[in-house]
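Asker: Take 2 as the starting number for the sequence shown in the numbering used here and just add one per residue.
By construction, these hints were calculated from the structure, which means they are not laboratory data. No false leads were mixed into what you were given.
List of simulated lysine-lysine pairs, DSSO-like, C-alpha gap at most 30 Å:
1) Lys87 / Lys241
2) Lys33 / Lys69
3) Lys284 / Lys69
4) Lys69 / Lys102
5) Lys241 / Lys284
6) Lys33 / Lys284
7) Lys69 / Lys381
Now the in silico label distances, taken between C-beta atoms and shown as ranges:
8) Leu296 / His29: 27 to 33 Å
9) Ala161 / Ser31: 43 to 49 Å
10) Ser31 / Asp99: 43 to 49 Å
11) Ala275 / Gln221: 41 to 47 Å
12) Tyr26 / Gln221: 49 to 55 Å
13) Ala148 / Asp297: 36 to 42 Å
14) Ala86 / Asp264: 47 to 53 Å
15) Ile113 / Thr80: 16 to 22 Å
Beta carbons are placed, not taken as given, at the ideal position from N, Cα and C, and that holds for glycine.
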Amino acid sequence: MGLFPWQRVLALIGATFVIALPDSYDSHWSAKDIIIRDVCVIGGGSSGTYAAIRLRDMNQSVVVVERKDRLGGHTETYTDPGTQAKLDIGVRIFHNTDLVKNYFARFNVPLITADLQAPGESKYVDLRTGAVVTNFSPGDPTAALGAYAGELAKYPYLDAGFDLPDPVPADLLLPFSDFATKHRLEAGVGLIFRFGEGIGDMLRLPTLYAMKLVGLRVLQSIQTGFLTTARHDNSELYEKAQAVLGADNALLLNSHIISTQRDTNDGYVRVVVATPSGQKLIKAKKILLTIPTTLDSLDHFDLDGSERSVFKQFNPNGFYTGILRNTGIPDNTTIINTGVDTPFNVPFLPGVYSIDPTGVPGLHGVIYGSPNLIPGERVKDDIIAAIQRLRTAGTLPTTKPEFAVFSSHSPFMLTVPSNAIAGGFYRQLYALQGHRHTFYTGANFHTHDSSMLWQFTEALLPRIVA
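Take the sequences, apply the hints, and build the full model.
Answerer: Here it is as structure tokens:
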């Protein structure tokens with residue numbers, strides 16, 4: 002069915018005021034197109050899938066609305082057609098916690114300790130020129146990481162979310178470059194940067210974001226070992242969760258939101274969704290929103306003034322990943338983009354972070370970051386040009402590679418400037434929990450770390466079902 006006239010008007014003008022739906026509204030829908038649930042989960046990535054499974058455990062009826070044809074979000078796995086080898090190109094590692102192990106165990110997905118040692122040789126190359134950065138060594142980061150852990154220990158609340166004290170500690174507001182210099186972390190910045198890939202221009206961002214992405218739990222896992230799936234197929238978790246939710250008629254894949262109305266007379270929010278089988282009306286007691294809360298992402302939501310004033314402050318960055326064929330780079334060689342003249346020798350962005358062996362002959366993984374959003378085709382062209390510069394510089398006999406698979410994980414990090422953090426931005430953001438029957442989880446409410454997001458979501462669930 003098409004949009005009602007008032008929906009068309011609201012969509013066109015981007016209205017932010019509230020209209021209570023008339024009691025007769027539902028009568029315009031066929032019964033087969035109305036879905037009634039306790040909770041409508043919007044987004045089927047890491048947080049949304051976990052929440053839907055756990056809400057089901059808590060005797061809540063759910064429906065998940067997901068744009069893609071699968072669950073998992075940034076957890077993506079490529080199957081090489083020649084060898085049938087599985088290669089994770091999104092989320093690759095997890096923390097060794099009981100929550101993680103129990104979640105995988107319920108779906109009979111075995112875990113092993115991840116091997117993060119790059120095979121063969123690592124070349125430190127400035128990919129702006131393709132030349133090896135001479136006389137460069139990453140050095141021993143042990144002492145610097147110890148000092149960094151000492152600083153992290155001052156802010157244990159960061160592992161639970163953005164529930165910051167007032168006033169916000171001054172060190173958390175410093176650009177990370179200044180923080181690293183102040184606390185003599187120079188030898189550890191390279192490793193912190195690599196574990197924080199995707200954050201964008203880490204050195205200029207407030208230290209808060211570096212500490213959120215590379216926190217105490219990450220440092221502990223570096224020492225004790227991360228986990229990954231024994232079959233090297235992290236998507237298996239989501240395929241099995243998808244089977245469970247699909248059997249409950251709890252999934253709307255390849256679907257997107259047309260409109261929402263969260264101020265009604267009967268306590269049910271309304272969500273109009275375009276699905277492959279036509280438009281559906283979801284009536285739910287609560288919404289759990291897990292997608293990035295940018296104004297672009299929420300352009301079909303009935304945002305009020307308080308929501309819009311918070312979400313409009315976010316600045317998104319870009320993160321991209323893929324698998325390359327026939328690069329000319331040896332199968333046992335890792336290329337680490339290293340700035341010859343940049344602070345701490347971190348790579349200049351936008352640009353490639355690294356090009357890594359996959360263990361499958363002829364295939365290399367690539368990850369790319371940008372401080373802002375850029376088109377995927379431009380990213381692909383830049384990656385290919387960077388690889389060809391290795392040949393021009395005489396570093397390696399590279400060729401023009403092809404993408405076996407490419408994926409944009411953008412918008413990735415959502416950040417705000419230090420003055421906004423100091424002014425109480427995260428208090429305002431968290432105050433939206435439960436506002437207008439809507440709850441939030443996902444990376445911009447905590448961090449880009451599946452294990453930590455499941456922990457955050459678990460803590461939020463009692464509020465949703467109350």
